[in-house]
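The primary structure of each chain is shown beneath.
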Amino acid sequence: MKALNFLTRTRSGRSMDWTDWLSYTYLLMGLFLMFGPVLWLVMSSFKTESALNEFPPSFLPYGQKSVAVPGEEKMKPVYRVKMPDGTTKELAELRRIGLTATLIDPARPDDLIRVNIKDREPVREFKLATENYTDLGGQVKFGTYLWNSVFITVIATILTLLFNSMAAFALSKYKFSGRSAVFLLILGTLMVPPAIVLVPNFLVISELGLLNSLWGVIWPAIATPTGVFLLRQYMLTIPDELLEAARMDNASEWQIYWRIVLPLAAPALAVLAIFSVMWRWNDFLWPLIVLSKNEKFTLQLALNAFQGDLVTQWNYLLAMTVITLLPITIVFAFLQKYITQGIASAGVK
Amino acid sequence: MASLQLKKIIKDFGPTRVIRGVDLDVDDGEFVVFVGPSGCGKSTLLRMICGLEDISSGELTIDGVRANDTRAADRGLSMVFQSYALYPHMSVYQNMAFGLENTGIPKDVVRTKVDAAAKLLRLDPLLERKPTQLSGGQRQRVAIGRSIVREPKIFLFDEPLSNLDAELRVSMRGEITGLHRRLGATMIYVTHDQVEAMTMADKIVVLRAGSIEQVGSPLELYNSPNNKFVAGFIGSPQMNFAPVMAGHGDSIVTAYGETFTLKTESKPASGTALTLGVRPEHLTLEKRDGSLAMPITISGVEQLGGHSLLYGTLPGANPGADGPRITAQVAGQVATKIGETATLYAPPEACHLFEASGEERAVR
Numbered sequence: 001m002k003a004l005n006f007l008t009r010t011r012s013g014r015s016m017d018w019t020d021w022l023s024y025t026y027l028l029m030g031l032f033l034m035f036g037p038v039l040w041l042v043m044s045s046f047k048t049e050s051a052l053n054e055f056p057p058s059f060l061p062y063g064q065k066s067v068a069v070p071g072e073e074k075m076k077p078v079y080r081v082k083m084p085d086g087t088t089k090e091l092a093e094l095r096r097i098g099l100t101a102t103l104i105d106p107a108r109p110d111d112l113i114r115v116n117i118k119d120r121e122p123v124r125e126f127k128l129a130t131e132n133y134t135d136l137g138g139q140v141k142f143g144t145y146l147w148n149s150v151f152i153t154v155i156a157t158i159l160t161l162l163f164n165s166m167a168a169f170a171l172s173k174y175k176f177s178g179r180s181a182v183f184l185l186i187l188g189t190l191m192v193p194p195a196i197v198l199v200p201n202f203l204v205i206s207e208l209g210l211l212n213s214l215w216g217v218i219w220p221a222i223a224t225p226t227g228v229f230l231l232r233q234y235m236l237t238i239p240d241e242l243l244e245a246a247r248m249d250n251a252s253e254w255q256i257y258w259r260i261v262l263p264l265a266a267p268a269l270a271v272l273a274i275f276s277v278m279w280r281w282n283d284f285l286w287p288l289i290v291l292s293k294n295e296k297f298t299l300q301l302a303l304n305a306f307q308g309d310l311v312t313q314w315n316y317l318l319a320m321t322v323i324t325l326l327p328i329t330i331v332f333a334f335l336q337k338y339i340t341q342g343i344a345s346a347g348v349k
Numbered sequence: 001m002a003s004l005q006l007k008k009i010i011k012d013f014g015p016t017r018v019i020r021g022v023d024l025d026v027d028d029g030e031f032v033v034f035v036g037p038s039g040c041g042k043s044t045l046l047r048m049i050c051g052l053e054d055i056s057s058g059e060l061t062i063d064g065v066r067a068n069d070t071r072a073a074d075r076g077l078s079m080v081f082q083s084y085a086l087y088p089h090m091s092v093y094q095n096m097a098f099g100l101e102n103t104g105i106p107k108d109v110v111r112t113k114v115d116a117a118a119k120l121l122r123l124d125p126l127l128e129r130k131p132t133q134l135s136g137g138q139r140q141r142v143a144i145g146r147s148i149v150r151e152p153k154i155f156l157f158d159e160p161l162s163n164l165d166a167e168l169r170v171s172m173r174g175e176i177t178g179l180h181r182r183l184g185a186t187m188i189y190v191t192h193d194q195v196e197a198m199t200m201a202d203k204i205v206v207l208r209a210g211s212i213e214q215v216g217s218p219l220e221l222y223n224s225p226n227n228k229f230v231a232g233f234i235g236s237p238q239m240n241f242a243p244v245m246a247g248h249g250d251s252i253v254t255a256y257g258e259t260f261t262l263k264t265e266s267k268p269a270s271g272t273a274l275t276l277g278v279r280p281e282h283l284t285l286e287k288r289d290g291s292l293a294m295p296i297t298i299s300g301v302e303q304l305g306g307h308s309l310l311y312g313t314l315p316g317a318n319p320g321a322d323g324p325r326i327t328a329q330v331a332g333q334v335a336t337k338i339g340e341t342a343t344l345y346a347p348p349e350a351c352h353l354f355e356a357s358g359e360e361r362a363v364r
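As given, the protein sequences belong to chains A and B, one line each in that order.
Going by the working numbering, the first residue of the first sequence is number 1, and it counts up by one from there.
Going by the working numbering, the first residue of the second sequence is number 1, and it counts up by one from there.
What the hints contain is simulated information worked out from the structure, not anything from laboratory work.
It is possible that part of the hints are untrue.
Simulated crosslink set (DMTMM-like; lysine to aspartate or glutamate; CA at most 20 Å straight-line) [what the hints assert, rightly or not]: (1) A:K293 with A:D309; (2) B:K130 with A:E241; (3) B:K287 with B:E258; (4) B:K153 with B:E59; (5) A:K65 with A:D17; (6) A:K175 with B:E53; (7) A:K173 with B:E53; (8) A:K127 with A:E241; (9) A:K175 with A:D240; (10) A:K74 with A:D119; (11) A:K175 with B:E340; (12) B:K107 with B:D124; (13) B:K153 with B:E258; (14) A:K175 with B:D12; (15) B:K153 with B:D74; (16) A:K118 with A:E90; (17) A:K173 with B:E340; (18) B:K287 with B:E340.
Take these sequences, add in the hints, and give me the full structure.
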């Protein structure tokens, strides 16, 4: 109800003003432009391979209707047949030889009907090709890729939060000489394009023997200047008196960090966690460089590998793309409040 | 419970000296109030005592043991902060138990101690609430409760009532002094409000610009201030000051030409510039023998029913010029109107005299 009220709000609160028309048209166009392709992708991921190759393409996934015929193991496709007497019937096709198709009425399985293939038309119905999803495991090592992606995302995010918050704690709550210099140095790395550090990073990872290891993807990614900056700015707003009170309360510096500062920085940590999940999940270039063995691929790499040189199994590729999109979509849907808050409070994207 | 000694305590922030050699003894069970205008160093001094600020030089002893380099947590003191500094993500119970848990005390002992403190402060129905769900006065009590459970040697309070509204401030004042009586603990309390200082303290320490101006009981400070600063700071409304000059013998000549007799021990030389101080509540409208007459032009009248406040100016040294502003608190209700002239009388036993220059020490 609340959502409906929100969606039908007008400028004056009563009838539609021309500005309302304008803004709603604009918004709907934006919705169509941005959401249309995603919707098309989801719909297409439920199409069979042959339906994908159809022209003109259909929006909804259609497939040929099929029925079970007594005495036959497989489901048989259903055709609409123009009978010699002028009537039309829906019959199941048993086989087709040359220009002659042998059909059968599932209700009367004893009568075989032979017609010219020109006289029959496939019966189409709305049908979700869920096998695109259910067969994925058999087609590719989907479980392995998913595990690799999840492992990298979760571990890298936890480590990012831990290390960045420790740096931010020191930079915001301790006074030491060179503090602003260190902070500026960390911020300065934002200005170094990632492509420049790609090769040095690769050499380091290679020397450490971390090539083709998931840790080789995780370690270089966890220290982020954005994260340190975001958390530091937030931690500056935590009053020093709380830390002093904790110090009087016999808390060690680690306890102050762990039991006072971290819980209080939770909103900023949530924002960074969302960012980190998105960064790591969508990361493509760095994993592509570090991971070359198929069993170490992340979902993003697997998607890339799916596009073969000669054949591309579009139905599986699309299904996998949808699955790859899902976690980010869910993260966004449930945590968008924090994301906007985080962007607004830290002024970073 | 403990005693505390400060010996020549100095604090430098870079090149700025904010505490300039403070000597002070706090006895066991005393309620000591540090009072002074903002920026006088009273909070810094308190933070040095509790260990949150380093001591640049001098010696701090607690129970006769040097504590300069002891960690804040190990000094056995507790502090109530101006903003209360309650941990917002913890419940009242967790807030009070945090300090005990950190010292590794068994859980059931912590429970007993927190429950006892909560009962003492009437917090027991609120133990599961978060600080944001409490009123200002309740937060204040939680902050005090957090101090009590640690059974500190000395309680420190840093302007704890300044965030409360006037009514609550009065009742919390009573609660804190009541607590002091019940626990018999040593307490050091920082405030810029001289009313709090007067009503709560066993001993007031008046600070200005990092130095102690005077230490004494509230009435000592009120009756015989060491200097003009203390005289002006203690008492409300503020003491009136008027420039005068020492005449022959015990006579004093005011700027507007009035002469009267005021006995002093030090007998300042004739012609010495002095400042006369008299409290508003000691001025009367009835003439008495030997009183100093102060003719003022009324610039404001506040009728408060039981007593009235008269504001006015004395005649200046030159005819026509305005002299110093005078406030008088007279009993009952007055018929005086703005613009009229009235004569106030200051009885000699209520008059203070200060040097007009230098440290402005009290002459009488």
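Going through the hints against the structure:
1. A:K293 with A:D309: 18 Å, holds
2. B:K130 with A:E241: Holds, at roughly 18 Å.
3. B:K287 with B:E258: Given pair B:K287, B:E258 holds - Cα atoms ~15 Å apart, limit 20 Å.
4. B:K153 with B:E59: 18 Å, holds
5. A:K65 with A:D17: Answer violated: A:K65 to A:D17 is near 49 Å, above 20 Å.
6. A:K175 with B:E53: 13 Å, holds
7. A:K173 with B:E53: 15 Å, holds
8. A:K127 with A:E241: Violated - the C-alpha atoms of A:E241 and A:K127 are around 64 Å apart, more than 20 Å.
9. A:K175 with A:D240: Satisfied, since the Cα-Cα distance of roughly 12 Å is no more than 20 Å.
10. A:K74 with A:D119: At roughly 24 Å apart (the allowed maximum being 20 Å), A:D119 and A:K74 break the hint.
11. A:K175 with B:E340: With a Cα-Cα distance of about 61 Å, the restraint between A:K175 and B:E340 is violated, given a limit of 20 Å.
12. B:K107 with B:D124: 18 Å, holds
13. B:K153 with B:E258: 56 Å, violated
14. A:K175 with B:D12: Holds: A:K175 and B:D12 sit about 16 Å apart, inside 20 Å.
15. B:K153 with B:D74: Distance ~11 Å between B:K153 and B:D74 Cα, so the pair holds.
16. A:K118 with A:E90: Holds: A:K118 and A:E90 sit about 15 Å apart, inside 20 Å.
17. A:K173 with B:E340: Violated. A:K173 to B:E340 sits at ~61 Å, over the 20 Å cutoff.
18. B:K287 with B:E340: 18 Å, holds
Hint violations for this structure: numbers 5, 8, 10, 11, 13, 17, all remaining hints satisfied.
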